[in-house]
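2 protein chains.
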Amino acid sequence: MTQWKNLDTLASFGELAKVQKVNLVEAMSGQNGADRVKKYSVPMAEGLTYNYAAKQVDDQVIDALEKLAAEAELSDKFAELYNGAVINTGENRLVLHHLTRGQLGDTVTADGVDKRAFYVEQQQRIADFANKVHSGEITNAAGEKFTTVVQIGIGGSDLGPRAMYLALENWAKKNNTFKMEAKFISNVDPDDAAAVLASVDVAHSIFVLVSKSGTTLETLTNESFVKDALAKAGLDASRHMIAVTSETSPLAKSDDYLAAFFMDDYIGGRYSSTSAVGGAVLSLAFGPEVFAAFLDGAAAEDKLSANANVRENPAMLDALIGVYERNILGYPATAVLPYSQALSRFPAHLQQADMESNGKSVNRFGEPVDYVTGPVLFGEPGTNGQHSFYQLLHQGTDIVPLQFIGFKNSQIGTDVVIQDSTSQQKLCANVAAQIVAFACGKADDNRNKNFEGGRPSSIIIGDQLNPQALGALLAHFENKIMFQGFLWNVNSFDQEGVQLGKVLAKRVLAHETDGALKEFSDLLNI
Amino acid sequence: MTQWKNLDTLASFGELAKVQKVNLVEAMSGQNGADRVKKYSVPMAEGLTYNYAAKQVDDQVIDALEKLAAEAELSDKFAELYNGAVINTGENRLVLHHLTRGQLGDTVTADGVDKRAFYVEQQQRIADFANKVHSGEITNAAGEKFTTVVQIGIGGSDLGPRAMYLALENWAKKNNTFKMEAKFISNVDPDDAAAVLASVDVAHSIFVLVSKSGTTLETLTNESFVKDALAKAGLDASRHMIAVTSETSPLAKSDDYLAAFFMDDYIGGRYSSTSAVGGAVLSLAFGPEVFAAFLDGAAAEDKLSANANVRENPAMLDALIGVYERNILGYPATAVLPYSQALSRFPAHLQQADMESNGKSVNRFGEPVDYVTGPVLFGEPGTNGQHSFYQLLHQGTDIVPLQFIGFKNSQIGTDVVIQDSTSQQKLCANVAAQIVAFACGKADDNRNKNFEGGRPSSIIIGDQLNPQALGALLAHFENKIMFQGFLWNVNSFDQEGVQLGKVLAKRVLAHETDGALKEFSDLLNI
Chain A
455 MTQWKNLDTL
465 ASFGELAKVQ
475 KVNLVEAMSG
485 QNGADRVKKY
495 SVPMAEGLTY
505 NYAAKQVDDQ
515 VIDALEKLAA
525 EAELSDKFAE
535 LYNGAVINTG
545 ENRLVLHHLT
555 RGQLGDTVTA
565 DGVDKRAFYV
575 EQQQRIADFA
585 NKVHSGEITN
595 AAGEKFTTVV
605 QIGIGGSDLG
615 PRAMYLALEN
625 WAKKNNTFKM
635 EAKFISNVDP
645 DDAAAVLASV
655 DVAHSIFVLV
665 SKSGTTLETL
675 TNESFVKDAL
685 AKAGLDASRH
695 MIAVTSETSP
705 LAKSDDYLAA
715 FFMDDYIGGR
725 YSSTSAVGGA
735 VLSLAFGPEV
745 FAAFLDGAAA
755 EDKLSANANV
765 RENPAMLDAL
775 IGVYERNILG
785 YPATAVLPYS
795 QALSRFPAHL
805 QQADMESNGK
815 SVNRFGEPVD
825 YVTGPVLFGE
835 PGTNGQHSFY
845 QLLHQGTDIV
855 PLQFIGFKNS
865 QIGTDVVIQD
875 STSQQKLCAN
885 VAAQIVAFAC
895 GKADDNRNKN
905 FEGGRPSSII
915 IGDQLNPQAL
925 GALLAHFENK
935 IMFQGFLWNV
945 NSFDQEGVQL
955 GKVLAKRVLA
965 HETDGALKEF
975 SDLLNI
Chain B
455 MTQWKNLDTL
465 ASFGELAKVQ
475 KVNLVEAMSG
485 QNGADRVKKY
495 SVPMAEGLTY
505 NYAAKQVDDQ
515 VIDALEKLAA
525 EAELSDKFAE
535 LYNGAVINTG
545 ENRLVLHHLT
555 RGQLGDTVTA
565 DGVDKRAFYV
575 EQQQRIADFA
585 NKVHSGEITN
595 AAGEKFTTVV
605 QIGIGGSDLG
615 PRAMYLALEN
625 WAKKNNTFKM
635 EAKFISNVDP
645 DDAAAVLASV
655 DVAHSIFVLV
665 SKSGTTLETL
675 TNESFVKDAL
685 AKAGLDASRH
695 MIAVTSETSP
705 LAKSDDYLAA
715 FFMDDYIGGR
725 YSSTSAVGGA
735 VLSLAFGPEV
745 FAAFLDGAAA
755 EDKLSANANV
765 RENPAMLDAL
775 IGVYERNILG
785 YPATAVLPYS
795 QALSRFPAHL
805 QQADMESNGK
815 SVNRFGEPVD
825 YVTGPVLFGE
835 PGTNGQHSFY
845 QLLHQGTDIV
855 PLQFIGFKNS
865 QIGTDVVIQD
875 STSQQKLCAN
885 VAAQIVAFAC
895 GKADDNRNKN
905 FEGGRPSSII
915 IGDQLNPQAL
925 GALLAHFENK
935 IMFQGFLWNV
945 NSFDQEGVQL
955 GKVLAKRVLA
965 HETDGALKEF
975 SDLLNI
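Going down the list, the sequences are from chains A and B. Taking my numbering, the leading residue of the first sequence gets 455, the next gets one more, and so forth. Taking my numbering, the leading residue of the second sequence gets 455, the next gets one more, and so forth.
Since the hints were made in silico from the structure, they are not lab data. Only true hints are included.
For identical chains, the list gives no copy identity; a pair is met inside one copy or between any two copies.
Derived lysine-lysine pairs resembling DSBU-like cross-links, with alpha carbons at most 30 Å apart:
#1 K972 with K492
#2 K956 with K492
#3 K475 with K896
#4 K903 with K531
#5 K681 with K862
#6 K633 with K686
Bound-form chain A, shown alone (with noise of 0.2 Å):
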């Protein structure tokens, strides 16, 4: 069994603090640089690339981070988890997303069934069903084509498979891969699902009701808007709607559904993309086989993950990059910046996944912590940063450490040359410049053009964002957040920082409210 302990009471931490700091200046100048960028480079799963040349670290760091990931137990733990621990300790469950796309370990068994066959079962199911209909063997009541599919989700159910699904639209479309239209309905504004219901043919659309509980305020509220709009059109709601639930919801067994698929508790919410909450949409949008292509990308990387050889596992060494910085360099925020359009919600996604996992006070304990945990992740796509934000990290008074991801090749592959240069080649070049930018800086004498450099990036490099890279993409850094909770000793796996607005909002619609929240109810027309 590993030893869960406090970050700050690790000796290889207080060792960490003391390794003499790098000036990534000097380190990415010249002949220095050119060698550090092919030195400091670990092959992820499906042609990826971890470059790390442009962080603050040297051999000395690496060496120090190696110690702290030995004395944290960190591949240790993550075998633990793979292989059915309760390592979600503050609501007693097993974190098996893992699972839903590959066996790292052992069989794990839960409510008396081996996990890993439920979630294979449960993505055969979701083939059959997404075939039939790409096939019109399933149709709606008139025998007509479903040509839209919609997603009625929020946070989990709605950042990752949104991410997800705009990231290879245009991937399946070029491929011929592409069977529907997805949209998604997560806010509980009502002018959310009133346009989007707006914006489809709602007797071709079929709505996939996504929530583990089957009690989630949001989602509920939402399928009684798309009822209402299915009553409108002289539909039979039942013919057009799915549901992804928990075996044990009110929504399992209802005839309400076509058909319902299932996840379970030991699946997060914002880890859920790779189960049938992904699973469900992106096949019906994009064909199983390719869901399955993202699954196996996803389970390449895993496998990576579990490498106890820190310099072959990056996943961890970006983790214990990320908390060197977090805790010993003491940079505040972070920033994931994909040269990718396609990844325009990619940044949001991780967002909830890394904020939500590791924006935590307390120890898998309950205990208060003295030390930061999870930092502010934010991000847009390259190069429409560069015109924005991109100031402030260049030259603002705060270091952001950044995280770029690029490819070689688009996914259209429709170009122009202009100025002797493809768009391609041009989106490249940025992402190239920008990382050398960051760490080198220029000097200027007019202070106002002058940038100081020492600011420290990593970038991961892929041929092209296919279903297989994504999954790999995903699992990077769902395996990065896993070990930083791990580094941090906090549980990455719940949530109970969100409880407290939901008990308040329910008073305020019960009227019972009195103070400040009843005056903010007035002002708000409660």
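Got chain A; can you put chain B on it based on the hints?
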């Protein structure tokens, strides 16, 4: 003439640091809290209200901020700006975006013309053009009406207009002023242009090329993309494109465009939504009357910002409180959380406006400052964010000040009653609940379920997000950023931090690289 001094040289800043800090949990609990909600409220324009009861301030702090405002001469500096002083010293330019929506002070003459008259003339020209497009007087070569407008621009030519379009799309549809769908092409990623072009009917699309200089790489590249697509469809590009640019740019007098509308060097990209940059696309999409109403809202809010009484000037108050949070309380980031799906991209626009304006390390004289300036700004709409990163906001180790925005009424008006409340009521109940949850927290013996509270927020409340309210909202934040720039003594109107990346990217494309830059270029196959 006003004196431009660093924040830390002001006596009142030293005094501010000495004022007793507010215990927000105590302040916002019980009758105290109710009293604060009534008291700490300022009217904005167009029926909006800025409420700062849940900020970490009290009368003593506000008194000290009032002295700071006076010593920093915030009102006088704003007056100098709108009366035509060279506030953008780095680029030796006037700062005139306020003139696009009203005349706050003296007539401002530049380039030999009355600039207010110039901006009004452009609005009028755009209105005439848009009316002719809508009436069918201006059509494609086949004599058919245009149905779609596609903006080609990046940064300020993209984020602001896009956010405003999304903010008013449903309102316009509901109020029968919706004329044409708008789409946006921004990224140099070829998949961006290719995907947008595949989604529109190019034969019935009018493209708005937006580039002040007429030289922005991304925009010119995407123009070629569009021209290729038009040519492939057998269409004459010059019948489908208009330009928004400066009068001196190569685009201004070109036969390649149906028409050209003008901005100038006194309107920064991130402040250009109320200029021709926003005017063309929004007037085409919603009609010139809607754009005019948007400008009216901004003008009305600008007037309030010119009030020297801090307690009656919401933008100035917001700016002062923000500097107090950043420089005295030490909070490193801030989040903007609109409870309105229509404002889904408003935080991304503010991210640019704020971080590009005040993410600076030198003062307006080019001397390094010894204090932190602009914070990281991020945000997503509520209630979505509640199921995502709010965990960290509630229970993370860092305190992140919050800016909520809420409206009593939805835009579309379609709603459902579930459990005795409408979705709109649920939405409003949630934002009210969150303010109190963040401020007051809730003690729990289980520390994992404990909420410390003490997390400050303010809220802007309106009746409905309509064009006037949106204008007021935008102007509020623009002016807040301006006042913060005055306080930090930085030039909020240049962006030298974006230059180095451009220079290095050109070098990569010319294959004039060495060291790390060459290695990264090779890795990315350039």
